[in-house]
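Undergrad: Below are the chains, spelled out letter by letter.
Number of protein chains: 2
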Amino acid sequence: MKSTLLCLTSILWVVAAHNHLPDGTAVVTEPQNVVAGSPGTPWPMPKSTSEFGTVMTIDPTNFKMLVNIKNCDIMNQTVQRYMKLTFLEKCLPIDSPRNSLSNSKKNSEKNKMIKANGMLYNISVTVLGKCEKWPYLNMDEQYLLKIDSPDLPGKANLVSSTVWGALRGLETFSQIVYSLGDGKFGVNSTMILDSPRFSHRGLLLDTSRHFVPVSVLKQNLDAMAYSKLNVFHWHIVDDQSFPYESLKFPKLSEMGAFIPKTHTYSQEEVADIINYARVRGIRVMAEFDTPGHTQSWGKGQPDLLTPCYSGGKPNGNFGPINPILQSSYDFLAEFFGEITKVFPDNYVHLGGDEVDFSCWKSNPNITDFMKKHGFGSDYSKLEEYYEQKLVNILQSLKKSYTIWQEVVDNGVKVDPNTVVHVWKDPQVQELQRVTSMGYKTLLSTCWYLNYISYGKDWPKYYTCDPQEFNGTEYQKSLIMGGEVCMWGEFVDGTNLISRTWPRAAAVAERLWSVADLKDADKAAPRFEEHRCRMLKRGLRVQPGNGPSFCECDFVVS
Amino acid sequence: MKSTLLCLTSILWVVAAHNHLPDGTAVVTEPQNVVAGSPGTPWPMPKSTSEFGTVMTIDPTNFKMLVNIKNCDIMNQTVQRYMKLTFLEKCLPIDSPRNSLSNSKKNSEKNKMIKANGMLYNISVTVLGKCEKWPYLNMDEQYLLKIDSPDLPGKANLVSSTVWGALRGLETFSQIVYSLGDGKFGVNSTMILDSPRFSHRGLLLDTSRHFVPVSVLKQNLDAMAYSKLNVFHWHIVDDQSFPYESLKFPKLSEMGAFIPKTHTYSQEEVADIINYARVRGIRVMAEFDTPGHTQSWGKGQPDLLTPCYSGGKPNGNFGPINPILQSSYDFLAEFFGEITKVFPDNYVHLGGDEVDFSCWKSNPNITDFMKKHGFGSDYSKLEEYYEQKLVNILQSLKKSYTIWQEVVDNGVKVDPNTVVHVWKDPQVQELQRVTSMGYKTLLSTCWYLNYISYGKDWPKYYTCDPQEFNGTEYQKSLIMGGEVCMWGEFVDGTNLISRTWPRAAAVAERLWSVADLKDADKAAPRFEEHRCRMLKRGLRVQPGNGPSFCECDFVVS
Numbered sequence: 001m002k003s004t005l006l007c008l009t010s011i012l013w014v015v016a017a018h019n020h021l022p023d024g025t026a027v028v029t030e031p032q033n034v035v036a037g038s039p040g041t042p043w044p045m046p047k048s049t050s051e052f053g054t055v056m057t058i059d060p061t062n063f064k065m066l067v068n069i070k071n072c073d074i075m076n077q078t079v080q081r082y083m084k085l086t087f088l089e090k091c092l093p094i095d096s097p098r099n100s101l102s103n104s105k106k107n108s109e110k111n112k113m114i115k116a117n118g119m120l121y122n123i124s125v126t127v128l129g130k131c132e133k134w135p136y137l138n139m140d141e142q143y144l145l146k147i148d149s150p151d152l153p154g155k156a157n158l159v160s161s162t163v164w165g166a167l168r169g170l171e172t173f174s175q176i177v178y179s180l181g182d183g184k185f186g187v188n189s190t191m192i193l194d195s196p197r198f199s200h201r202g203l204l205l206d207t208s209r210h211f212v213p214v215s216v217l218k219q220n221l222d223a224m225a226y227s228k229l230n231v232f233h234w235h236i237v238d239d240q241s242f243p244y245e246s247l248k249f250p251k252l253s254e255m256g257a258f259i260p261k262t263h264t265y266s267q268e269e270v271a272d273i274i275n276y277a278r279v280r281g282i283r284v285m286a287e288f289d290t291p292g293h294t295q296s297w298g299k300g301q302p303d304l305l306t307p308c309y310s311g312g313k314p315n316g317n318f319g320p321i322n323p324i325l326q327s328s329y330d331f332l333a334e335f336f337g338e339i340t341k342v343f344p345d346n347y348v349h350l351g352g353d354e355v356d357f358s359c360w361k362s363n364p365n366i367t368d369f370m371k372k373h374g375f376g377s378d379y380s381k382l383e384e385y386y387e388q389k390l391v392n393i394l395q396s397l398k399k400s401y402t403i404w405q406e407v408v409d410n411g412v413k414v415d416p417n418t419v420v421h422v423w424k425d426p427q428v429q430e431l432q433r434v435t436s437m438g439y440k441t442l443l444s445t446c447w448y449l450n451y452i453s454y455g456k457d458w459p460k461y462y463t464c465d466p467q468e469f470n471g472t473e474y475q476k477s478l479i480m481g482g483e484v485c486m487w488g489e490f491v492d493g494t495n496l497i498s499r500t501w502p503r504a505a506a507v508a509e510r511l512w513s514v515a516d517l518k519d520a521d522k523a524a525p526r527f528e529e530h531r532c533r534m535l536k537r538g539l540r541v542q543p544g545n546g547p548s549f550c551e552c553d554f555v556v557s
Numbered sequence: 001m002k003s004t005l006l007c008l009t010s011i012l013w014v015v016a017a018h019n020h021l022p023d024g025t026a027v028v029t030e031p032q033n034v035v036a037g038s039p040g041t042p043w044p045m046p047k048s049t050s051e052f053g054t055v056m057t058i059d060p061t062n063f064k065m066l067v068n069i070k071n072c073d074i075m076n077q078t079v080q081r082y083m084k085l086t087f088l089e090k091c092l093p094i095d096s097p098r099n100s101l102s103n104s105k106k107n108s109e110k111n112k113m114i115k116a117n118g119m120l121y122n123i124s125v126t127v128l129g130k131c132e133k134w135p136y137l138n139m140d141e142q143y144l145l146k147i148d149s150p151d152l153p154g155k156a157n158l159v160s161s162t163v164w165g166a167l168r169g170l171e172t173f174s175q176i177v178y179s180l181g182d183g184k185f186g187v188n189s190t191m192i193l194d195s196p197r198f199s200h201r202g203l204l205l206d207t208s209r210h211f212v213p214v215s216v217l218k219q220n221l222d223a224m225a226y227s228k229l230n231v232f233h234w235h236i237v238d239d240q241s242f243p244y245e246s247l248k249f250p251k252l253s254e255m256g257a258f259i260p261k262t263h264t265y266s267q268e269e270v271a272d273i274i275n276y277a278r279v280r281g282i283r284v285m286a287e288f289d290t291p292g293h294t295q296s297w298g299k300g301q302p303d304l305l306t307p308c309y310s311g312g313k314p315n316g317n318f319g320p321i322n323p324i325l326q327s328s329y330d331f332l333a334e335f336f337g338e339i340t341k342v343f344p345d346n347y348v349h350l351g352g353d354e355v356d357f358s359c360w361k362s363n364p365n366i367t368d369f370m371k372k373h374g375f376g377s378d379y380s381k382l383e384e385y386y387e388q389k390l391v392n393i394l395q396s397l398k399k400s401y402t403i404w405q406e407v408v409d410n411g412v413k414v415d416p417n418t419v420v421h422v423w424k425d426p427q428v429q430e431l432q433r434v435t436s437m438g439y440k441t442l443l444s445t446c447w448y449l450n451y452i453s454y455g456k457d458w459p460k461y462y463t464c465d466p467q468e469f470n471g472t473e474y475q476k477s478l479i480m481g482g483e484v485c486m487w488g489e490f491v492d493g494t495n496l497i498s499r500t501w502p503r504a505a506a507v508a509e510r511l512w513s514v515a516d517l518k519d520a521d522k523a524a525p526r527f528e529e530h531r532c533r534m535l536k537r538g539l540r541v542q543p544g545n546g547p548s549f550c551e552c553d554f555v556v557s
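Sequences listed follow chains A and B, in order.
Mapping of the first sequence onto full-length UniProt numbering: position 132 corresponds to residue 132, and the numbering continues sequentially without gaps.
Mapping of the second sequence onto full-length UniProt numbering: position 512 corresponds to residue 512, and the numbering continues sequentially without gaps.
What the hints contain is simulated information worked out from the structure, not anything from laboratory work.
As the structure is a prediction and not an experimental result, all values here were calculated from the model.
Take the hints with a grain of salt, since some may be wrong.
Copies of the same chain look alike in the list, so a pair counts if it fits in one copy or across any two.
No farther apart than 20 Å at their CA atoms in a straight line, the calculated lysine to any residue pairs in the SDA-like style are these [to be verified]:
1) Lys-218 <-> Pro-93
2) Lys-261 <-> Ala-36
3) Lys-413 <-> Ser-400
4) Lys-261 <-> Gly-53
5) Lys-413 <-> Gly-40
6) Lys-399 <-> Asn-138
7) Lys-261 <-> Lys-536
8) Lys-536 <-> Thr-262
9) Lys-90 <-> Ile-259
10) Lys-261 <-> Leu-92
11) Lys-518 <-> Arg-433
12) Lys-90 <-> Thr-262
13) Lys-261 <-> Gly-183
14) Lys-248 <-> Glu-489
15) Lys-218 <-> Val-79
16) Lys-536 <-> Pro-260
So here's chain A without its partners, still in its complex pose (with noise of 0.2 Å):
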């Protein structure tokens, strides 16, 4: 038995480098490689694999995913996805609606467990633990995969805690599995233990500064899916636009939206979304940042934010929450208590960066109100003020939270329990002072992907890691993962999928797979097999490598 990560040939096909430089000054240099795919090469790599050096071969119109637990839907409908994404002939068509993803394949009567030399009729899977409904933080999503191994010769077996570990293992599955040509796949031997590095895998988009459409928000699901991310961060409105229909304060959305009939979430598609994830394994964790990123909030509820003046009277424009009313605590109460009912998941993002106090400066009303409390001239005190008693209100809410890390800088107490998450630069100085204050911590500092470049620029992100700073095991174990953020400024539903993919996977290898895999270049083939296996899953992926070709690019219109 050879124990070895895997480490399948790589097929370069080298060509002259004639690349047109406008400068004028790179002309013939050195080759450049069109980076082809590796078949049946997964990614993220798996922690452990053991190859066995045989193949067995699959007719899918005669294999079966056998699953131990009855009655769970999330296990149904994986089994439905997985059966077709693994044994894909044709090319799907491109921005295909998200729902028609039904399993055309009939299995035929005849259809029975035998056993026979070198073809595989089934794979088992065994969910050890009960039928979860809701993804959250540190589930469990080991999983032990074994196919035609010498302790189950000419088997295909998967075991897992949860169902959570089933639906990553049948991704791992799906994508080791290759096409022999003739109808036929065929899978090799082998010994999969797998497990994330990290417990948190997000991707952050931003509905507020252009609006997403719900089919496209469900081609990201898939993508993350395909790539074992587990976290939407959803950041759902903010200055420019309100999207989120709220059944307490549906002015919010009807004046703060860009156009209400049309660029807006209901409550329904909202709920479609945090379902099409959860059968995924994958968290929505809804952002609603304040008390600033909220010019949009304030067309529909009056009085909610800071009036700022000019000459000693309100000149009409307008600051973050106003946080001397007891007025928008009130609102504030009301709108999370709907909010966390809304999102299941155990945490809200409260946001809480970038808050600007040129309006509270100008403000008569907030500088006798810092008067009376003591606050001096500090207005991140003021701030303090705002974020306790936002937090307070989560807290009585018994929801946990994750704040950007402004808030913490600040000062505020927060709960054990919160998670901060990092966005600025000098990176590891932050992700160093964060850890030493004892939060758990997200990293985006090196994330932003909505920060585009020229070329191949995925490698940057792959060799970027959270727990590259000097700090003591116990720091680094409060390193919780991550996030890939698109910042809406300049993406929406035309180029989000294909700007944001396969770029993102990039960060997913990084978030699920071992520290010590960081070779860029060695990554670069199983890279590539990703992109074309979502191109030919139908997602709008764009080029990673450079000069390239998929099986299924050609389809595209």
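Please arrange chain B on chain A, whose structure you already have, making use of the hints.
TA: Leaving out everything else, chain B in the frame of chain A:
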């Protein structure tokens, strides 16, 4: 009568600028605008516009486009297209197959030429010349568009010398008509006299580094027509792949395409693309770049490329086309004989850029040849020898040609009709030098749109002017225009349209409109409108101005 450049109110929705920056330096600073479009404004800006302060109403079910010339396929198809595009009420499906743009509106029997109070029942299109079939360099694109002008009250009329002028005029008409919301449309009384500043307004796509499906090439031609670009420079083959299916040399694509079965352009597809471009007044200038950039040619045409030597014998690698063999020129004569028939445009782009001498230097047969011809060790003389023979082939085929600047840099004597394509920095010196040699010149240096960067980059392309260099009036007059380039290293069907547009439209206005229209801030609402219009017409066009929304961005799936 107020004679002025169109100056429509730009609607700015000002909100605070809470831009997430990962370096933590730029917190809240300046207000950030959500740029809204300005309905009824055209892009690119016409040369001169007068407005008369009235509005006419159009009922699309009772409106005709009347054309004076009969049996002119180009005009028939154009009227069909613009009857649809002018009166779009719903968003067209994104990425819809490009041939489906048929006119779905049925004009009723009672549709007669009746002049009524404020209603417009037709536009009369008069083409003074004959029905030309093929667009060409320096074709006449001028038109005069009158809507309810004092000399023709209550009427709309478009006059041009050629079908090309009529095409451009109908595009403008379709852009200045705006929806009144109840199924009716409005158009302001106006007189527009328009013609392009430059006659060659091109866009280069590279289908070798990645394959681009025919449907996507057609979408791009639509976007070009909407922006009045008139040359599709098809960089069809290169080192990485050879997707052109040659009639005489089918092995070139059989061996040189990424996947010959799916990643090639058949003769029928090439003809289809050329015709699709033709009826939109767009030339297709094919580039078959030699002697470098030909690695993919060598696979299907043995002995075409120069064998490279190491240690006195061939090392298995190949360099540019072998310039010392008569068989190379025999092949080129036959190959370009085919190409000049397949591509009817007067111009072929011969490439000629970035010729690597290292392989030629290594080859002892080439060393002998150099000696025999008295070239010494000056390999640019050998390149000149090759180019001269290639250019002679094209002259014998009675075709004109475009070449990258290196060819004349190296002193090759080319036909005075040659168009020289400048792509290197320093831009102004290069333009100066090439025009001082008396050649017609195209600029691309500042318009390499494949070099992406974060943020609102279109003003950079918008403000680059091809006549801004020190030179005589005669030198300036040699500037034929320029080309936007979207090289294919990082684009394929998944992201080509969204990444190219609306950015390429910035260059389209530079090349069409008057030189002193240079204020990108003033242009922004029109640019936004143009983006939203392209989206409404079913093109996957990405955001250009930062946070924003379009009527039809929510339908993207």
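Undergrad: Look at each hint and say if it fits the structure.
TA: Results for each hint:
Proximity of Lys-218 and Pro-93 under a CA criterion of 20 Å is satisfied in both settings, with 15 Å inside one chain copy and 19 Å between copies. For the homomeric pair Lys-261 and Ala-36, the shortest alpha-carbon distance between copies (17 Å) is at most 20 Å, but the shortest distance inside one copy (45 Å) is not. Within a single copy, Lys-413 and Ser-400 get their C-alpha atoms as close as 14 Å, which meets the 20 Å cut-off; across copies the closest is 76 Å, which misses it. Taking identical chains as interchangeable, the C-alpha atoms of Lys-261 and Gly-53 are never at most 20 Å apart, the minima being 59 Å within one chain and 33 Å between chains.
Taking CA atoms no more than 20 Å apart as the test, Lys-413 paired with Gly-40 passes in neither setting, with 49 Å inside one copy and 55 Å between copies. For the homomeric pair Lys-399 and Asn-138, the shortest alpha-carbon distance inside one copy (16 Å) is at most 20 Å, but the shortest distance between copies (69 Å) is not. Within a single copy, Lys-261 and Lys-536 get their C-alpha atoms only as close as 34 Å, which misses the 20 Å cut-off; across copies the closest is 17 Å, which meets it. In this assembly of identical chains, the alpha carbons of Lys-536 and Thr-262 lie at most 20 Å apart only when taken from different copies (14 Å versus 30 Å within one copy).
In this assembly of identical chains, the alpha carbons of Lys-90 and Ile-259 lie at most 20 Å apart only when taken from different copies (15 Å versus 38 Å within one copy). In this homomeric assembly, Lys-261 and Leu-92 come within 20 Å of each other (Cα to Cα) only across copies, at 18 Å, whereas the closest approach inside a single copy is 31 Å. Proximity of Lys-518 and Arg-433 under a CA criterion of 20 Å is satisfied in neither setting, with 25 Å inside one chain copy and 49 Å between copies. Only between protomers do Lys-90 and Thr-262 lie at most 20 Å apart by alpha-carbon distance; the minimum there is 13 Å, versus 34 Å within a single protomer.
Proximity of Lys-261 and Gly-183 under a CA criterion of 20 Å is satisfied inter-copy only: 18 Å between copies versus 47 Å inside one chain copy. Within a single copy, Lys-248 and Glu-489 get their C-alpha atoms no closer than 29 Å, and across copies no closer than 50 Å, so neither meets the 20 Å cut-off. Only within a single protomer do Lys-218 and Val-79 lie at most 20 Å apart by alpha-carbon distance; the minimum there is 19 Å, versus 39 Å between protomers. Taking the closest pair of Cα atoms, Lys-536 and Pro-260 come within 20 Å of each other only across two copies (18 Å); inside a single copy the shortest separation is 35 Å, beyond that limit.
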